[in-house]
Structure formats: C-alpha cells, structure tokens
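**Q** Sequence:
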Amino acid sequence: METVRSARSRFEAWERSCEKRMDELQEMSRSVSRGGHEESEQLKQHLREISEQKIHKEKEITARKQQHETLKKMIEQANEKKIYLAKRLELLKERREGCAHVAEESLKDLEERVRRVQQKVNAQKIARKFYNDILGIRADFASGIKITFTKVNAKNPDHEYSCTIRLDKHTNKYAMLDCVPYVKRSVDLLDDLNITNEFFEFLRLMRREFERLAEESDARSVRLKDLHTFQSVHGGHGARFLRSAATLVPAANLWIPARDPGLGFFPGEAMQLKRAYDKIYDKYERDKARRIENAEKLFEEHKLRTAAYSKATESLVETLREENEMLRHLVKESQVEETMVRLKELEKENALYRNQLLMAQARDCHSDRTREDRYRFLQRLFELLSDMQITEVEDDNSAAFVFLHQSTGLKFSLEPVVDPDTARICGGDREVKFTSLALGSLRYIAPEWMRESITFSISQAPVFFRRIQTVTRGRS
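Heads up: the sequence shown at position 100 corresponds to 136 in my numbering, and the numbers run straight through without jumps.
Read the hints as simulated data drawn from the structure, not as lab findings. Certain hints may be false.
To be verified - Below, a list of computed lysine to any residue pairs in the SDA-like style, where the Cα atoms sit at most 20 Å apart:
#1 Lys117 x Arg357
#2 Lys380 x Lys447
#3 Lys187 x Gly172
#4 Lys144 x Gln155
#5 Lys117 x Lys129
#6 Lys187 x Tyr218
#7 Lys109 x Ser370
#8 Lys109 x Lys384
#9 Lys220 x Leu249
#10 Lys109 x Ile97
#11 Lys380 x Gln89
#12 Lys384 x Glu48
#13 Lys447 x Arg479
#14 Lys117 x Glu361
#15 Lys95 x Arg378
#16 Lys109 x Arg479
#17 Lys209 x Leu249
#18 Lys368 x Arg378
#19 Lys117 x Asn360
Generate the whole structure from the sequences, applying the supplied hints.
**A** Below you can see the structure in the form of structure tokens.
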C-alpha cells in the first residue's frame, strides 16, 4: 500500500507538471501556428508518424489488456479458493465443536457411571455395617451357609444364635445342618423356604424364634432361681416341693445349658469361620478395586482419544490458515505488480498524448477533427486519472456514458436527465442518473446505493466519484 501511495503521489506531481507544460506548449503552438507552410508540412509528417506509433501502442495496450484479463481471472480464482477454504474452515470448526460436545457428554456419562458405582459401594458398606452393628447378623461360608445372630437377648447381647443350611444342587432344596440352640419350628420354616424360596423371610422368622427362646430361657432361669431360694428357706419341705414340681414341669422345658452360652461354638470353628469371612471380604475388596480401575481406564482412554482428535483438528486448522495467508500474500504481490505495470503504461501513454497535443495545436482549432481529438484526449485523460474506461452510448432520445472499472469489473452508466422540478430543487443544475450494470468482484462488499438506480445533481459528481474510488481502491 505504501508503494501505491508513493506512486500515486508521484503521478499527481507529474500530472501538475504536465498541465503546466501543456500551457507552455499551447503558447508555443500559437507561436508555431504563425510560422510558415514548410514547418506545417513537417509537423503533419510528424503527426502521421505519431499516428503510426499510436497504432503500434494500441496493439501493445491490447496485449496488456489481455494480460490484465488473465491476471484478473487468476485473482478471481484465488478469491473463490479463499471463499472455499473459509467455508471449509467453518465446517471444521463446527465439526470440532460437535466432537467436543460428544466428548463432554461421554465424559458426563462416564462420571455418572463412576458415581453410581461409588454410591453402590458405599451403600454396600453401609448395609454391611448396619447388619453387623444394628441387627447383629453375620454370614459365614464353609460346608454350608452359617447365619449367626447377635443382639437377640437383651440381657446378653453378645450371645450368638446360629443356624447352618446348605443348598442341594441336585434337588435344589435347602437342608438344615445345625441349629444352636435347637428350634422346634426350624424344620417347618425350612419347608416353607423350599416352597416359597423367600430366604430373607426365613432369616426374619428364625431370628424371631431365637428371640422367643431367649425370653423363655430368661423366664425359666427366674423360676429356678425362685425354687432354689424357696428350698434354702424351707429346708426339707422345699426339697419335697422341688421334686413334686419336677414331676409337674416337663424336662424339655427346663433350661439346662450343655456348653458355654457365651460362645455357642468351639474355638476351632471360630477361627475357621473368621478365615472364611476374611477371604470373602478380601474378594469383595478386590472386585471393587477392579471395577473402579476399569472405570478409570475407560475414562483415561476416552480422554486420550478426545485430546488426539482436538490436536488433529487444530493442526488442520493451522494448515488451512497458513495456506490462506499464502494466498493473501500472492494476491497482494499480483496487485502491486499490476499497479507498477499500469503506471508504466500511463507514463508511456501520457508522453504519447503530450506529443499528439503538441501536433494537434498546430492545426486549426475550429475544425471538427481537432475538437474530436481534443474530446478523445480529455476522455483518455479522464480514464487514466479515474482508472475507468468510458464509452458513449447514444440512442434516439438521449445519450449515456458507460463507465467500466477493469480491475474489479464494476460497470455503471451515467445518463443526463432534464427535469424542471428537480432542476429547481437542485438550484438549476442538471441531473445525472446512475444505473448499476455489473458489480464484478464488488458484489459482496458493494454498499446498498451501488445496487440501485439513483439521481443526483451534477455538482455532486466529485463526491460520487470519490466514493466510487474509495470502494474500488479498497477492493484492489
């Protein structure tokens, strides 16, 4: 951009010097016109040579225009590729956001699964603690399932009541192996278990029977204590009363402990049951650790896959960004090269027209050909200054001027309009109607007023052309 600005400033300085030189040449032409006929013939010969040179230069200009069209097509292709890359970049961004959303949802689902597993483990711990501490129930596995109850007797909560059952795989029925202390209804309860298969109902009823036995044992102990007290008080009469009471009370209802009620089983059996319980608890801990480890591995794998996809997406976006920057650099280089070529052409053409003007001033200023050449010169000079090609289009009723900006493909027409009402509003100036014919490469950035037909006073023409140059230079 700095090169273009410096070139434009040099061109404007050169233009002012040309205008000054043109005034000098006009004065010189007036003095030359007073010369002799021979000098006029020489000037005509020189003019013919200049015309031939003009034809040659026009051919060169045509070739330059073809090169310009080729370069313009290349720039349009680069712009189309840029738009395609921008759309592809947006698509990749959307795809990346979608993958990030899926990864986030998967992560949330995995965290929810881990939370459920943790809740399940905590619930199992709480249930285990509840059964051990509150209900006092413990399960041991050896030759069968041994269910041990504590906290049955309120006076002796540590006393254990147990029953051992085993499931026969062939008959698919439970069998009672042991019951300490013995419960009469244990056989009936076991039959109900084989029929209904309600294991927890069986445990509840067994605990109730153990509680009933504990209450009866406490009651019998109280009665026997009272009898012994009576015997110690009444002597022989008390012994006779005891013998008569023994005949009345069945022996099965007397509570006579066969072994230590505080243990309920032998020490060797306790150690074996403790080892079985520790083995089951270790197996439970290993299974819990394995499930948590599998969940953590699944989470890490998903996290690694998400990171790899994000890295690949970022690499692709960076590659596309570098390619876009390279295309922008190429477009800028082509624009600078095009500007330099245009400046060289302008210098050559201005030198040519300066010579033509010098020769044309020697001819009759009132001839039609002189006015036509002057009109063409002014038209060409305006084209060089505004970087737009001007064509006059005439019909039966009116005439219009068609402007074409070759760099961007912008094409519009200006048609003089005579309307008394509008002329009165505009202060007597003539109107000009602007009509957009083609926007070219400006179709995406052109303002709204360039897409419509507008009418303005001819005194506003400088503002109009400045706005046109602002849009075209910003695109160039």
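**Q** All hints, please: hold or fail.
**A** Consistency of the hints with the structure:
1. Lys117 x Arg357: The hint holds at about 13 Å.
2. Lys380 x Lys447: violated, 25 Å
3. Lys187 x Gly172: Distance ~6 Å between Lys187 and Gly172 Cα, so the pair holds.
4. Lys144 x Gln155: holds, 16 Å
5. Lys117 x Lys129: holds, 18 Å
6. Lys187 x Tyr218: holds, 18 Å
7. Lys109 x Ser370: Between Lys109 and Ser370 the Cα gap is close to 12 Å, so the pair holds against 20 Å.
8. Lys109 x Lys384: Between Lys109 and Lys384 the Cα gap is close to 26 Å, so the pair fails against 20 Å, i.e. violated.
9. Lys220 x Leu249: holds, 10 Å
10. Lys109 x Ile97: Holds, at roughly 18 Å.
11. Lys380 x Gln89: Cα-Cα ~17 Å, so holds.
12. Lys384 x Glu48: holds, 16 Å
13. Lys447 x Arg479: Holds, at roughly 11 Å.
14. Lys117 x Glu361: holds, 12 Å
15. Lys95 x Arg378: holds, 15 Å
16. Lys109 x Arg479: holds, 16 Å
17. Lys209 x Leu249: Violated, at about 27 Å.
18. Lys368 x Arg378: Within the cut-off at roughly 15 Å; holds.
19. Lys117 x Asn360: Between Lys117 and Asn360 the Cα gap is close to 9 Å, so the pair holds against 20 Å.
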